[in-house]
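Novice: Okay, here's what each chain looks like letter by letter:
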Amino acid sequence: MDITLKVNGSSHSVPVDPRMSLLDLLRERLGLIGAKKGCDHGQCGACTVLIDGRRANSCLALAVATDGSEIVTVEGLMDGDELHPLQAAFIEHDAFQCGYCTPGQLCSAMGMLGEPGPSAITGDLREDPGLTPEEIRERMSGNLCRCGAYVNIVSAIAEVAP
Amino acid sequence: MKLFEYTRAGSAADAVRSFGPGTMYLGGGTNLVDLMRLGVAEPDRLVDVGKLPLDAIEEAGGRLRVGAAVRNSDLAAHPLVRSRYPMLARAVLSGASGQVRNMATTAGNLLQRTRCPYFQDVTRPCNKRQPGSGCPAIEGDHTNLAILGTSHACVATHPSDLAVALAALEAEVHVTGPGGDKIVPMPGLHRLPGDAPERDTVLEEGDLITAVELPAPPPGASLYRKVRERASFAFALVSIAAVLDVRDGTVAGCRIALGGVAHAPWRAEHAEQVLVGGPATGEAFRTAAEAELERARPLPRNDFKVPLARNLIVRTLEELAP
Numbered sequence: 001m002d003i004t005l006k007v008n009g010s011s012h013s014v015p016v017d018p019r020m021s022l023l024d025l026l027r028e029r030l031g032l033i034g035a036k037k038g039c040d041h042g043q044c045g046a047c048t049v050l051i052d053g054r055r056a057n058s059c060l061a062l063a064v065a066t067d068g069s070e071i072v073t074v075e076g077l078m079d080g081d082e083l084h085p086l087q088a089a090f091i092e093h094d095a096f097q098c099g100y101c102t103p104g105q106l107c108s109a110m111g112m113l114g115e116p117g118p119s120a121i122t123g124d125l126r127e128d129p130g131l132t133p134e135e136i137r138e139r140m141s142g143n144l145c146r147c148g149a150y151v152n153i154v155s156a157i158a159e160v161a162p
Numbered sequence: 001m002k003l004f005e006y007t008r009a010g011s012a013a014d015a016v017r018s019f020g021p022g023t024m025y026l027g028g029g030t031n032l033v034d035l036m037r038l039g040v041a042e043p044d045r046l047v048d049v050g051k052l053p054l055d056a057i058e059e060a061g062g063r064l065r066v067g068a069a070v071r072n073s074d075l076a077a078h079p080l081v082r083s084r085y086p087m088l089a090r091a092v093l094s095g096a097s098g099q100v101r102n103m104a105t106t107a108g109n110l111l112q113r114t115r116c117p118y119f120q121d122v123t124r125p126c127n128k129r130q131p132g133s134g135c136p137a138i139e140g141d142h143t144n145l146a147i148l149g150t151s152h153a154c155v156a157t158h159p160s161d162l163a164v165a166l167a168a169l170e171a172e173v174h175v176t177g178p179g180g181d182k183i184v185p186m187p188g189l190h191r192l193p194g195d196a197p198e199r200d201t202v203l204e205e206g207d208l209i210t211a212v213e214l215p216a217p218p219p220g221a222s223l224y225r226k227v228r229e230r231a232s233f234a235f236a237l238v239s240i241a242a243v244l245d246v247r248d249g250t251v252a253g254c255r256i257a258l259g260g261v262a263h264a265p266w267r268a269e270h271a272e273q274v275l276v277g278g279p280a281t282g283e284a285f286r287t288a289a290e291a292e293l294e295r296a297r298p299l300p301r302n303d304f305k306v307p308l309a310r311n312l313i314v315r316t317l318e319e320l321a322p
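Chains as they are written, first to last, in full-length UniProt numbering: chain A, 1 to 162; chain B, 1 to 322.
Don't take every hint at face value.
Listed below are the simulated DSS-like cross-link pairs for lysine-lysine, each with C-alpha atoms no more than 25 Å apart in a straight line [to be verified]:
1. K51(B) x K2(B)
2. K2(B) x K37(A)
3. K37(A) x K6(A)
4. K6(A) x K182(B)
5. K51(B) x K182(B)
Quick caveat, the hints were computed from the structure, so don't treat them as lab data. Model, not experiment: these values are computed from the prediction.
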């Protein structure tokens with residue numbers, strides 16, 4: 001089947017096997033190897049990209065089902081040669097995991113910054129809570145890894161959070 | 001993954017019309033794609049219903065109609081859900097991760113399949129995956145599995161948090177299918193395993209959930225609470241959706257639904273009966289919880305769920321009591 005996607009601002013028309021995940025399409029067909037294949041079961045978050053502006057696990061999305069969507073991967077966060085403020089904050093705060101998880105952490109943080117509403121730990125559901133360190137931790141809990149930089153990820157995101 | 005044919009439905013009617021043998025509906029895919037990758041689900045054909053125009057949340061006559069394709073994140077963030085059905089918002093937010101909630105749909109959440117490790121492992125027998133093949137969980141690792149309503153054939157739990165809240169809110173599930181339209185009340189959509197654990201729900205082949213309708217919120221205070229092995233992104237060991245209406249110290253109304261304990265969201269009707277008309281005291285809450293959990297048939301390694309469920313019921317009702 002042929003599908004058409006806009007990825008990091010460029011249009012691509014590609015034939016796909018219906019079994020192909022969006023993650024495999026990005027990595028194997030488009031050469032965008034920023035998103036990583038970690039668990040391939042939606043449990044680790046290393047494959048997180050933005051689909052139509054919302055963070056999602058690209059391993060769980062069938063490529064055919066994303067036909068017509070706009071995708072942003074970690075490669076698309078930069079503006080020309082300029083790092084996104086979130087990327088700069090990750091460097092500033094030494095927020096890197098081993099490199100396998102960081103692209104997913106960055107895309108997840110991008111998506112999270114644009115998500116309104118409460119989280120599981122928000123006290124009053126009627127209010128939109130500020131992005132306190134606790135809120136950031138809860139909202140980033142879809143990105144799992146066993147490295148030790150989590151604390152710095154929270155401070156990097158907090159710097160960029162409104 | 002086995003090769004399959006993929007089509008995208010243009011409407012609910014179109015989806016039902018194109019349903020045939022070996023067909024499965026695809027919503028957000030967060031569970032089905034994973035099961036296909038594991039070899040647990042092997043459809044010949046997927047009909048994608050995830051982008052049908054069933055993604056609105058609308059209020060009508062004091063009721064709230066949630067379209068089947070509404071994403072979990074949109075459901076939890078909706079102002080009317082947050083203000084009028086906070087228990088529902090909390091249940092949805094307690095499930096999965098931000099990424100998964102952005103993909104997962106309302107109907108797909110209800111129809112997700114058990115996370116019993118034997119069901120997910122195609123190298124092992126499982127009565128739910130392959131009827132009649134046996135249940136190694138009963139003699140094996142059943143730590144996270146069911147304590148109520150189990151059968152000799154299956155001890156799996158239903159993993160949804162949303163379903164537990166909907167069981168307490170007595171939501172209606174709107175369905176269209178080859179046999180026409182119908183409304184299935186919650187609880188009642190999900191069934192206990194009995195001799196046919198392969199059937200999770202009362203839906204027939206080709207039935208498609210189009211919406212979930214919430215009646216006006218019941219009077220009283222409500223709470224959804226989930227106990228799990230880590231603070232986030234984990235399924236429930238036991239969860240509770242509770243509504244308690246106390247007037248002059250007497251329980252005028254009470255609804256308790258439990259998650260993580262059965263093949264379906266478990267409405268604790270015995271506990272409710274014990275409570276209604278009686279005093280809203282810690283002692284009464286304990287008596288009610290014990291009346292319900294008398295029915296528990298835990299296995300050796302999940303018997304901790306009985307006191308866990310009891311304490312969760314008592315503590316939650318104590319918090320809800322004025």
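Novice: For each hint, tell me whether it holds in the structure or not.
Specialist: Consistency of the hints with the structure:
| no. | hint | in the structure |
| --- | --- | --- |
| 1 | K51(B) x K2(B) | holds (24 Å) |
| 2 | K2(B) x K37(A) | holds (20 Å) |
| 3 | K37(A) x K6(A) | holds (21 Å) |
| 4 | K6(A) x K182(B) | violated (40 Å) |
| 5 | K51(B) x K182(B) | holds (22 Å) |
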